[in-house]
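K.L.:
With chain A fixed as given, assemble chains B, C and D onto it according to the hints.
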Amino acid sequence: MVKSTITFGPQHPVFPEPIQFILKVVDEKVVLAEPQIGYVHRGIEKAFELNDPKDNIFLAERICGICPAPHTTAYVRGVESLMGIEAPPRAKYIRTIMNELNRIHSHILWAGLLGDAIGFESYFMQTWNYREKVLDAIEKISGHRVTYAMNAIGGVRRDMTNEQLRGLEKTMDYVESSLENIEDVMKDYTIKKRTQGIGILTEEEARRDGAVGPTARASGISQDLRTSGYDAYGDLKFEPVVVNNCDSYGRFAVRWQELKQSIDLIRQCIVKMPSGEILTKSNNPMNGEAISRVEAPRGELFYYIKGNGSKKLERVKVRTPTFANIIPTVTMLSKGCQVADVSVIVLSMDPCISCTER
Amino acid sequence: MPGMLKIIFGNLFKKRATRLYPFEKRAPFENARGSMDFAHMENCIFCNLCAKNCPPKAITVDRANKRNALDPLRCIQCGVCAEACPKKVIEMRGQYNEPCYAKRTHVAAQVVKCAQTPPEQK
Amino acid sequence: MNFQPSILFSILLSIAAPFIGMLILGFDRKITARMQNRVGPPILQPFYDVVKLFGKSELMVKKAQILFALMFVGTLLLSTVLLCFGGDLLVIFFLISTGMIFYTLGAYSVKSGFSFIGGNRELYQMLAYEPIFMLTVFSVGLITKSFRVDQIFGLEVPLVAIIPLPLVSMMIVFLIKMQKSPFDISTAHTEIISGPMIEYSGGYLALLKIAHWYEIFLVIGIMSLFFVVPGNPVLTVVSMAAAGLAIYFVSIIIDNVTARVHWNTMLRLSAAIGITLIVVNVAIVYIVAYIAGGA
Amino acid sequence: MDGESAKITAIALTTLAPLLAGLLCYIAPGRKSRNVLISAGIVSAMAGSVLLFLLLRGSPGHTIRIELGSVAIPGLGAISANEIITIAEITLAAAFIYLAARIKAFYALALSIAQLGAMIWYEFSYAPAHGSEHAVRILIDYWSGTMCLIVSIIGSLIVIYAVKYMEGQHSQNRFFAYFVGFLGAMNAAVFCDSLAAFLLFWEITTLASYMLIKHEQNTESLQNAKRAFQLNVIGGAGISAAIIVLGIACNISSLGEIAALEGAIAPALMLGVILLCFGAIVKSAQVPFQSWLLGAMVAPTPVSALLHSSTMVKLGIYLIIRLSPAFSHFPAVGYMLALIGGFSFVSTAIIAISQNNAKKVLAYSTIGNLGLIIMLAGIHTSLAISAAIILTIFHAISKALLFMGVGVVQHEMHTRDIEDTEGMIAKRPLIATIILMGIVTMIIPPFGVFVGKYMAIQASVAAPWMMILLAVGSAATVVYYVKWFGRLISTDREMERKPEHMSTLFSTPLAALLAGAIGLSFVIVQVVAWFVDPAVASMGYDVVLQAISVEVVTPSGYISSIAIGASMAAVLLAGLMIKLDDSKKTRPYSCGIEFPGELGGMYMHGYAGEDKVNKYVNFAGIALIMIFVAIGIIAMAVGKVM
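Residue numbers (my numbering), protein chains in the order written: chain A, 1 to 358; chain B, 1 to 122; chain C, 1 to 295; chain D, 1 to 642.
Derived from the structure by calculation, the hints contain no laboratory data.
C-beta atoms are modelled at their ideal positions from N, C-alpha and C, and glycine is treated no differently.
No incorrect hints appear here.
Part of the chain D face toward chain A, derived, beta carbon under 8 angstroms:
id	residue
1	S590
2	C591
3	G592
4	I593
5	E598
6	L599
7	G601
8	M602
9	Y603
Only chain A is shown next, with the shape it has when bound in the complex (with noise of 0.2 angstroms):
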């Protein structure tokens, strides 16, 4: 057998993310996949000791470009814990809130990112129309597209009127409606040929790897850390979305689910949204340790933090989804399967390597 190494990655910008698998290929055929990490390692966790914890929120928000709202809602969480206070409900609604329309426009990019590993442009191109809008309401109540800077230690920065309210409903509806107008795509000949089959996790591997999030609840495994009702999620009716195709296939059609799930999940909040406050203020010591953990639209996220007493905090530990996605994805690649599927497989995992090296 004559093998050829292919480097996949990390620095080249079509491929997903800066990861790099060393491909070892007979043909097409993968062979061996080898993983290296750590290319983008920016010293986020050290600046988080360095900095004022309320800063941190804006740095926490800098670890992932795609999940602002997760990563700061675990932050000042966890912070909040510490210092034993409580978000007010309505600011608890607005995290909620945030959390979904991030889980959306993430998904939707996703959805797009893969219609572009797969040579589909046109799906690439309209789902990103469609993301968009979500964005566009993001930035209608945050003031910003990518870093929306709401949360807060105790609550959030921005109240939401009831004019937003109703524009997000309907910006509810549009994305509702242009989810079923490209829904059809999914039944697509060449798409099922791309994805069908390919990346097969089964459960059992799915847990013994650790899988989390979509790709773990594509793979059977009923897990949604939302079901633990931190935030508004507790007075929110919802099904963790699980299927069982455990291929690229299933992680398409769970993310593809999850959209409609969030869609339904802000309805509610707007519904249920309750007035009062939006920020508790504080000036407790933050003095001992925290582990707070959000579902990100890639999983779990997982914060730990620790305080001394004094004005900055002695640790923050961040775990990031993709971190306890690298090894099913290396289980998945080294199943065997071609050198055009390497894209698919480690897209469908939703890989964001530079939240994980931070």
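P.N.:
Frame of chain A; chains B, C and D shown alone:
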């Protein structure tokens, strides 16, 4: 495939979603945080609250020369300074900063009645 | 009546050929953009790209690449001239495939992973489309009783009326040649980063782009030969141009509604659809001729 | 020297001289004397072939016909040439039986015994009783003359190469005895019109090839030689059967009579022709008999070069083309031949994609090209036969070039693996260039093989369904050659070219063949005018291929090799002028890290691997051959030609 066909043919006759950006700009949303501006320098009391609260430390306040300076490349448009300012000197504008070729500090000076007008930007 | 294109027309056409290809590519990008609800680049963007590339300083691994790029353009230029002057269709076909051989060798000449896989994929593509292309040319020859392009102008009815199905098969060839979904496997950018072209830069990359213009002209030219209206030069020009644009439009649509397939799917599809259609059509022609002859 | 004796001299120079030189080689006392003998043999063969061709041009009707009556041998009295041939044949058959018994090739043994018995019965009992004894006839026309030129010139170049290649190896005397003798036997077979004499030399080539294949004397070569022997005995048996069938049923004893048939045709004749073609198919190693030629790869490379390019396998081609005019009487034979040849072409081209052994790739390529030629002979239009002849000439040159190039690599780098020759253009530019040029002359216009293929496509207008096989096969051919080419030139930087030493005995034949492959391609107009058209005409076809100034014009198209070649050369020269500064050189892109530098593959094992495909290919091949022979038997049974 048929679904996509419908969409692409629909798009052929639809208004296009993109625009020729630098020539054609989208009107910013209300309350958008595009860039920060020392809009009402005449009210500034040089209390240094903005500089103190700025997360990336992009603002420097020069009380002696009555000047505030912003490093636009450090600024993250979070709007904390605008919230912290007791005199509402700082405003967030909706429009983004123009792309630039060189690093420049944005300096805003308080106009003193009898003094000569210093240059707004250096 | 025998319509012979004048020499002046042939010369002008062979000079204009790459620009026709370039304009078609420009329209392609514009229409694709409109289908994707975008503004899209100016029509002349392919031209600007090439001009810009010529202005860039090039970084190459070795000289052999340059040789192969030049040979690639050279053979395509030669076959364009032959096509414009009504030469032998088989020679034109073989020169096009020789051009692709040089292109592949250009990719192989550098020891680089993506370039190598790109070269391999180029060969898979060759395996997929060459039989179809060859059989199409052959079926034209069967009907025309000659492989000379100028003989097609002497037929009684347009080729498309007799052998429409090879034209459908040629769509596969066309999609592969134009690097369009679902068969854009050799330049698949999210898989192998433009494959065979990755080690080219500057003016030499521009050469490959120009070669691509020639390819567009050649393949569209050969396909629009099916639409020659015998005995009517004006109508011929109009119908050939319209057919060429229509073919391109269909390819843009297919590009926009499909994802890229694997190379083995491509081989299977091209063998199953491409060859079968041509065989069926030629069989029908024979059966009809037999019945007509027998009656 | 009058015309008649000059002709006899030329024939003797091309046939007897190499045979004799070969025999003497066996007992040559030393290297020097052996080399003198070898030189004498090849020089006389080359001179003789050229002389013969010139004489041919001057002869009436462009044919030379000689009937060998009886020869007076002192002590024995007058003995007819036919008897000499018969005695020689019986001796050879006895040798075959001995050989078969010694290497335990039992069914070859059985076949040989049966064949011997049948021949003795036919020659000594049947033929005298029915008065169907014939004089030994020699017929030399342009087709034989062209074949003789190919055999003598290319074969001799391979002999020169072999002298260097075999230096220092064991039992060279025996090796060269068979090697040089082979040329004589080949030439003699090509000249013989009488079937009996043809069979004799046919069997001599079988014996010689067996001896050459087992030269290494190791287990593998003995085994493969045995396989080659067994399969070729089957082919020989086919020819013997044909002789008997033709002799009994049609009273025909020569090839010329078959080709010149007219009027009502006896069904037995069809069976006879089928049996002859069957023999040729075995000789030309078509599917399902391809294994002997692939096995023959264990022999030293000069042997492969000889067997593959100019001799042995070309004998089958020669026979089928010689018989092709007769196919118009029984279209089924032509059709089946075209199918068998076309199938071999496609299947070997696809299998060759999966091979990384250079010699095996070449072997499959040979079988494929022979299949193409057989397919064309099966189509048997004038254009098809012209294409077949062009392919025969140019394939012989290019294949000899490629085999000898690969041989040099094996001789000096001790590898046959294509993957090991990666980037050889930098390490050994000279020999790499020769292999590259060999590949180029096989696949790229305007070189001769391409012109042949071009005409083949036009010729297949007469049998359109063959075109599918042709299209798929030629695409696959391009794939494996380009892939090989790619491996040779793949380097990650431009390397300093070191001066490279190559023995003159290697470089002379290689240079001659390279010059021939390129030069003849450029003067293909003359090749057509001098060799192809006369050969086609001499076999009784209308001449349809015209050489007009610089263009070769076929009935449905034209090609100008000179114009294409000149424009490509101009571009190449322009490219060579371009200078690439060192400052503009970079390393291959590998996503920002140094490229690990391990490349290879693209063998499509899952699709084209021998283990996957062979069983289907062999099954289909056996089925085709059985149908082919069955057609003849059915024709006999029904009493009607098909």
